[in-house]
Every structure is written in structure tokens, then in C-alpha cells.
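Peer 1: Turn these sequences into a full structure, and let the hints steer you where they fit.
2 protein chains.
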Amino acid sequence: MSKEIILEKIEQAVKILNEKEIDMWMTYVRETGSMKDPMMDTIVGTNATWQSAFIITKSGNTYAIVGSLELANMKAVDTYKNIKGYLKSIKEPLLEVLNECKPNKIAVNYSLNSSLGDGLTHGLYLELLDHLKDTKFANALISSEEIVSSLRGRKSSVELNLMKEAVKETLKIFDEVTKFMKPGMTEKQVAAFVQDITAKRGFEPAWEKEYCPSVFTGPDTAGAHSGPTDKVIEPGHVINMDFGIKYNGYCSDLQRTWYVLHPNEEKAPAEVQKGFDIIVESITRAANNLKPGKKGFEIDEIARNYIQIQGYSEYPHGLGHQVGKLCHDGGCLLGPKWERYGNVPFIEVEEGNVFTLEPRLTIPNYGIATVEEEVIVTKEGCEFISERQKEIYLIK
Amino acid sequence: MSKEIILEKIEQAVKILNEKEIDMWMTYVRETGSMKDPMMDTIVGTNATWQSAFIITKSGNTYAIVGSLELANMKAVDTYKNIKGYLKSIKEPLLEVLNECKPNKIAVNYSLNSSLGDGLTHGLYLELLDHLKDTKFANALISSEEIVSSLRGRKSSVELNLMKEAVKETLKIFDEVTKFMKPGMTEKQVAAFVQDITAKRGFEPAWEKEYCPSVFTGPDTAGAHSGPTDKVIEPGHVINMDFGIKYNGYCSDLQRTWYVLHPNEEKAPAEVQKGFDIIVESITRAANNLKPGKKGFEIDEIARNYIQIQGYSEYPHGLGHQVGKLCHDGGCLLGPKWERYGNVPFIEVEEGNVFTLEPRLTIPNYGIATVEEEVIVTKEGCEFISERQKEIYLIK
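These protein sequences, in sequence, are chains A and B. In terms of the working numbering, the first sequence is residues 1 to 396. In terms of the working numbering, the second sequence is residues 1 to 396.
Each hint should be verified, as a subset may be incorrect.
Identical copies carry no separate label here, and so any pair may be met within one copy or between two of them.
SDA-like cross-link-like pairs, simulated, lysine to any residue; straight-line CA separation at most 25 Å [unchecked claim]:
#, residue 1, residue 2
1, Lys-396, Asn-289
2, Lys-36, Pro-205
3, Lys-15, Glu-391
4, Lys-20, Asp-230
5, Lys-337, Asp-130
6, Lys-188, Ser-313
7, Lys-291, Glu-96
8, Lys-91, Ala-199
9, Lys-75, Glu-210
10, Lys-15, Gly-184
11, Lys-81, Ser-2
12, Lys-337, Leu-87
13, Lys-379, Asp-196
Keep in mind that the hints were calculated from the coordinates and are not lab data. Just so we're clear, the structure is a prediction, and the values are computed from it rather than from any experiment.
Peer 2: Pasting the structure below:
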């Protein structure tokens, strides 16, 4: 990640701390080579081995406290104004910084709702409490989830440009797949073709390569988040593919639907066409209502209810998630009020958020119709950053 | 990671649960694509998006509870005997399993001392407590750090073979560097040469590629955990390089030291030779004392004291760490009793542990001498798995 984007995000963080009246945000980590707080790539830009604290204050100051062996590296990375090293324990330099800044509230990265805001491990949390006991900061710790949600969600113009490029490159690959796919091929062959192009162009898959892309052909497929199988593409199948790339650190996440024609067919059967059209229309209706201030579940309900009213089962997931440095990014989710989603469907949509819209329905005996687009939330609505699929793609 | 090794590690875990009289070990995660509990690769072998629990019991039973969209994937991975899916909340299937197993103690992955045993985030810990409140399991949670420490530390024969191969391939690369390095090259050029060979042979760097390898030439270098610079190799420099590869999922971690001859020199100056020999001897002394039952700090002290008695400053880190799937692996550390190391220098060495031995000293006006070897702890002592560097390498 470039230093430029990190400094831009730190500046944004200072603004958010002022909006939310939080004195200090501290990212407290160790051994990030083995497990990395997702905030490290956003606001630090390097790794840390020993216990380290990356502190941003409401007044715009920044402090990095790192092990002495990593001082030189942190200075070279040059994203923090004040850099302190220690040899035997982080406690003393940490308390020095706190005593200098005197924060009433210190946001740290734990969250029941957002995995992105939950980078602090329980063991490190206990350690931090131990360092702060007998000081006036012992009761100052609060969750940083609102900060993280806004910071990851509000895309800067540099970030948005990278995301648009990622989408464009992904759609090119979808076009090539449309030309490539033929009856008789297996899901795995299609996936291998896509992975090959992805690697040749120097892109990484946006999520675990075992199921990036996911390819599902015909009825009774394994469902989302599963890898491609040896199932063979046959005439009469509805095929869908879920795929994204990581482009200069930013992800895309898109889905498209195809129908495999029988030798004597020229278009998809009426049931297939109907199912597909309902997916497209549900996306249009959701997008027409998406704007700052709406809550996530309100947008999910529009698509979900529309699909159910047409006589199909509700999709077993949210309508859409934010995209960014990770495929699942940001706070607010366009999802239903299910317990496993915690509070994220209740968070308000903000300007600058990039969401997927990805409803799904099963067309009995044919397969699953899903289309996934990406939109950017503007001041008063939203705009598609992916060129929409409005017609089902036909394979001969 | 192959299914074979994962099943081997699960079997080992059951044995450890019996040794330590712990009824159940639960790895509780979500969104492991963004931040992954280090145990996932050891005992699960795939990712999980929604809240998921991977449970191993003392009686040898295993349960995976995952989101419904990931059921098919989990069945395909096939590392758990009982696989349960859920749609809206994990609470119900989780309590079902607990009620079936009736554990008195449930080990979960938090630890003040070991980052490898600290994969549970604080937010997920709070969520878990919330699921368990009003049940008899509310007070059953304990730290899994002893389990994790033993499980990662005790290398199976399959693991050990992979690690020996990793070391052998790494030493080959060191040999090639010895032939390649010449006065006038920069640290960055040497590092680029190493990274190029590594990539061509299909290996990954064992740690962040920004400083894998680290290359330090001459006096006043940046010190460990820093990337190579534009500093030029000159006659009279002591050079050291810290480098490792990941080979089929297992890491190596080794260091070697060179001296750059002046045109009229045929061997290293006496001070350089002396510093180098002290490093080699301190490794021999530490290895002669390393065996099961020793505590980490006891071994560190042997090398540390020997170096200090010879009139050099103590090295600013531990003598050695365990190596495995990660470059810094396992529990017990051969380190001093400094606060930042927590309890890990107090843990006992076990048979099957693979440690580095990597003392360091500064030779004034020349540079830093470090040699890092790897040893496997046997029933009654230890054996080197790296062919030792006993003579300083000379560059013309």
C-alpha cells in the first residue's frame, strides 16, 4: 500500500475522531506476520513483531511505539510523526504517550459486530488492561467500531479510482469466460481458465483462491462459498459465477448468470427468463432507494420482499456488503436483522461507501440466478460502478 | 496444507487434551479471510466466513459448526467428523454440541504469552460469553495456550521432513549468495538476487518479503527486522544475512556471516575472527545443554553470559525461537526473562521442538556477526538440522 493512501486515511481518521468526539484511537498489536489486525494495512503500512501501539489523536498527532529492532523500519515507512522504540517492555513508553495526551476515551479495535474492527485479540486486550491498571486510563477503553466502519467505508478519490479499475478488469474476464464456456466442460475447467487469466495479468484473487471464482452449473449445486466441482455443464443449465480480483490492493466482487441453450433453442425458457428478470429488477429497486442515512436492513428488505412476493424463497444471505481493501469491507451491511449479523444491518449508509448488490434465487430444475453489481453511494443516491448485466448471457 | 497432516495434528491434540485433562478445545472464528486464527491452518485446513466453531474433545470427537453456505466446502475438506450448518445464529447448534459433550473446561484461543494461542479476538470472546450466559458453561472458558504450545511445538515426522528440506534448500541459496556477492554491490542488489532465486524455485519467503532476506553490510547498519538499503558492500565489511523460505507450508530461518577481504588480505582480521568464533562457540554451548525439561531462559543464559563474559554487549533479543508453519512458532522461547516475553521463556522444552539458535554480537568498526542454526530436540538432547557454519565466509 502506498504511503500516500495511508496518510490520506490517517487524515480521514483524525476527522472521524473529531466528528465522534473520541480523543484517541490506538491499534495495539504483536506478531502481525502470523495474524494481522486488518487496520494495519489501512493506517500503518508495515508489520510489527513485538507489542506495538499505533496511536492517532483527535488533535492530529500520531505515535508509533515499536520494538527497538523495528525502529529503523518504522522510520523508513514514515507514516507516523512520533516514533518510539523500546527494548524490554512497551509499558513505559506507552504510559508516557498517554500521560502526554491525557485521553478520556481511547478507542481500541474490538467489536462484536464487525470483524474489521475486531483486530485486538483477547490476550492482548488483557495485557493492555494490565498495563493501564492503577492509572487514570484503566476505564478509558472503548470500541473503535464506529471509527473503523466510517474509515473503511468512506472511499477517497484515489481509492475509488482503483476500485473502478478493478471492476473494469473483472468484467473483461467475465466477457472472456462467456466466449470460453461450452457444454461438456466442468466447473473446475472454467475456474482454472479464470485463475489462469488472473495470474497472467498479475492480479490476485479477491478471496481464497479455492473458491475464487465459484462456478455453479445446473440444479442442485453446492451453493455459495464452495469450490468448483467436476460437475459438467449441460444444455438446460443455468450457470453462475462469483469472482473478483485484487487490483493494487483493492478488491472487486461481481457475479454473472448464463443459460446453456439446447441445440434447438434460441433463447432461455420462460421460467429462466422470469427468474433472471426478477433478480435484475430487485437490484434496480434496491439501488433506487440506496442513499446516505438509510439503514442497511431497509435496502435489503426492498430486494428480499420483492423476490418473495414473486413466489421465490428469500436468499440465505445479505443483499450486499461493502467492498474495499477486502472483499467484505466496511461496517454497514445491506443485510437482514438476523442475529449473526449483529448490529451491522442497523448502521447508516454513508456517502463514499461502495456496496455490492447481489440477490439470488433458485430456478427449479435449472439452477441459481444471481447477479452481483457494485455501486458507490453519492450525496443523494448511488451510481453503478459496474456495467450492469441486464440480459442473461446465452451459451451455445 | 494436506488433509493428512491436519488429521495427524488433530490426533496429537486429542492426546494433549488427555495429558492436560482438558475436556474440550474450541477454535471460535469468523471472516478468517481478513484475519485468521493461526490454528485454522493447523487443525482445520480451510477458511470460515460466518461465526464458526471447530471443536476437539478429549474423547476424540470433532465437531465443525459453520454457516450454511460453507457446509459443502467443510464436507469436501473432510477434516471434522461431525459437521453442522446454521443459517441465522450459531448459538443453538453450539449449545447443542456443548450439551451433548458436557465439558467442565473449554479451552479457547486466548493467551497473554503466545500470539499463536491468541487467535480469538476480544469481540468474539465477548460474543461467546454472551452465547454461554445462563448456561452451565458460562465459567468453563480457559486459555488454550498450553495446548497450542505443545501442538505446534511437537513436530510429527512428516512435519520434520518438510522442515529439513526447507533448511537444505535455504542453505543452497546461501551458497549461491556467497559466490554472487562482490564489493560494490548494494544490500538491495543482494536481496534482489535472493528473492529472484526464491521465486524461480517456487518457494515463498518465510516472513514479510520487505526484509526476507535482511542483508546488513558493514558497521552502523539498521539492525534486524529492517529491509536492505542502498548501502554498498566494501572491503573490510562484515556482512550478515537473515533469510528463510516457506517450503510446502513449513519455514526455515537461518543466518550466515561473511567478511569482505581487502585486496591484500587473505583472512579476516583478528578482531573479526574472534567475534565470529565466539558466536560459533556460544551456539555449541547452548546446544550442548538443550534437552527436554530445560526452561527456555536457562538455554538463553548460557549463550548470553558467554558472550558478555568475553566483553561484548548482550544481544537485544532471544537466543532462539521455534520454527514451524510460521517462522516464529510454538510456545517455549529460548529467551531472557524480559517483561515483553511474558511467560514463554519459562516454558519447558519438549521433545520434537525445532529451535533456532541465533546469538549476535557487534564487532566495532566491522559490522555484526550472527549465525543462526536450526536444531531438533530429541529424547535426551538436540541435533542440528542445518549444516553448521563454523568458518566465516570470505568474499574477495
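Peer 1: At 25 Å max between alpha carbons, let me know whether Lys-36 reaches Pro-205 within a copy, between copies, both or neither.
Peer 2: Both. Shortest intra-copy (19 Å) and inter-copy (17 Å) distances satisfy the 25 Å Cα cut-off.
Peer 1: One pair to classify: Lys-188 and Ser-313, alpha carbons no more than 25 Å apart. Within, between, both, or neither?
Peer 2: For Lys-188 and Ser-313, the Cα distance exceeds 25 Å both inside one copy (28 Å) and across copies (59 Å).
Peer 1: With 25 Å as the alpha-carbon cut-off, assign the pair Lys-15 and Gly-184 to within, between, both or neither.
Peer 2: neither (56 Å within a copy, 48 Å between copies)
Peer 1: Have a look at Lys-81 and Ser-2 and pick one of within, between, both or neither, based on CA distance no larger than 25 Å.
Peer 2: within (17 Å within a copy, 45 Å between copies)
Peer 1: If the cutoff is 25 Å on CA atoms, where do Lys-379 and Asp-196 land: within, between, both or neither? Let me know, please.
Peer 2: neither (39 Å within a copy, 48 Å between copies)
Peer 1: With 25 Å as the alpha-carbon cut-off, assign the pair Lys-396 and Asn-289 to within, between, both or neither.
Peer 2: neither (37 Å within a copy, 72 Å between copies)
Peer 1: Treating 25 Å as the Cα threshold, decide for Lys-20 and Asp-230: within, between, both or neither.
Peer 2: Answer is neither; intra-copy 52 Å and inter-copy 44 Å both fail.
Peer 1: Is it within, between, both, or neither for Lys-75 and Glu-210, if the alpha carbons may be no more than 25 Å apart?
Peer 2: Between. Shortest inter-copy distance 14 Å satisfies the 25 Å Cα cut-off; intra-copy 38 Å does not.
Peer 1: Treating 25 Å as the Cα threshold, decide for Lys-337 and Asp-130: within, between, both or neither.
Peer 2: Between. Shortest inter-copy distance 18 Å satisfies the 25 Å Cα cut-off; intra-copy 37 Å does not.
Peer 1: Indicate which option fits the pair Lys-291, Glu-96 if close means a Cα-Cα distance not exceeding 25 Å: within, between, both or neither.
Peer 2: neither (44 Å within a copy, 41 Å between copies)
Peer 1: Evaluate Lys-15 and Glu-391 at a C-alpha cut-off of 25 Å and name the case that applies: within, between, both or neither.
Peer 2: Neither way: Lys-15 and Glu-391 sit 43 Å apart in one copy and 57 Å across, limit 25 Å.
Peer 1: Within, between, both or neither: how does the pair Lys-337, Leu-87 come out at a Cα-Cα threshold of 25 Å?
Peer 2: between (48 Å within a copy, 12 Å between copies)
Comparing the model with each earlier hint shows violations of hints 1, 3, 4, 6, 7, 8, 10, 13; every other hint is respected.
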